[in-house]
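There are 2 protein chains.
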Amino acid sequence: MNEIEIAGAPMHRLCKKAGADRVSEAAAQELAKVLEEIGTKIAKEAFDYAMYAGRKTIKTKDIEIAIRKVIGK
Amino acid sequence: MNEIEIAGAPMHRLCKKAGADRVSEAAAQELAKVLEEIGTKIAKEAFDYAMYAGRKTIKTKDIEIAIRKVIGK
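Line by line, the protein sequences give chains A and B. Going by numbering that gives the first Met the number 0, 2 is the number at position 3 of the first sequence; the sequence numbering is gapless. Going by numbering that gives the first Met the number 0, 70 is the number at position 71 of the second sequence; the sequence numbering is gapless.
The hints are simulated quantities; they were obtained by calculation from the structure and are not laboratory data. Incorrect hints may appear among the rest.
Which copy? The list can't say, so a pair holds if one copy fits it or any two copies do.
Capping the alpha-carbon separation at 27 Å, the derived lysine-lysine pairs in DSS-like fashion look like this [unchecked claim]:
hint, residue 1, residue 2
1, 43, 58
2, 43, 16
3, 43, 55
4, 32, 43
5, 58, 40
6, 40, 55
Let's have the full structure, built from the sequences with the hints guiding it.
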């Protein structure tokens with residue numbers, strides 16, 4: 000993974016919704032980074048399932064099963 | 000949580016980096032939703048730590064400990 004896809008601004012908003020007055024830029028980047036890592040794991044798992052089903056398009060059901068595998072929910 | 004903060008476009012890019020040719024819009028939304036849920040949990044936990052330290056500003060160390068608590072990493 001080269002550059003981070005998830006932007007900082009939504010991370011600031013998530014933290015403010017959680018009650019924070021302010022969020023340091025480094026903290027927002029740290030949150031974006033961990034969500035990007037989890038998202039990448041889920042996307043890779045979802046793509047494996049799509050390929051297994053003979054597709055190169057990821058559908059909702061691929062994401063759903065990948066979430067269960069990666070997060071166990 | 001009312002509206003979703005994490006946009007669909009970065010989810011499409013994550014999935015394409017994972018190898019997918021295409022990603023359905025619903026699949027991208029599903030991925031955004033789960034990352035938003037995890038991000039919200041981490042942000043709430045981070046805010047609790049910040050408050051405990053007498054701050055209303057979330058710093059990197061709050062996010063770091065919150066990630067360990069929420070994801071166990």
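Checklist line | Structure versus earlier hints, numbers of those that do not hold, lowest first | finding: none
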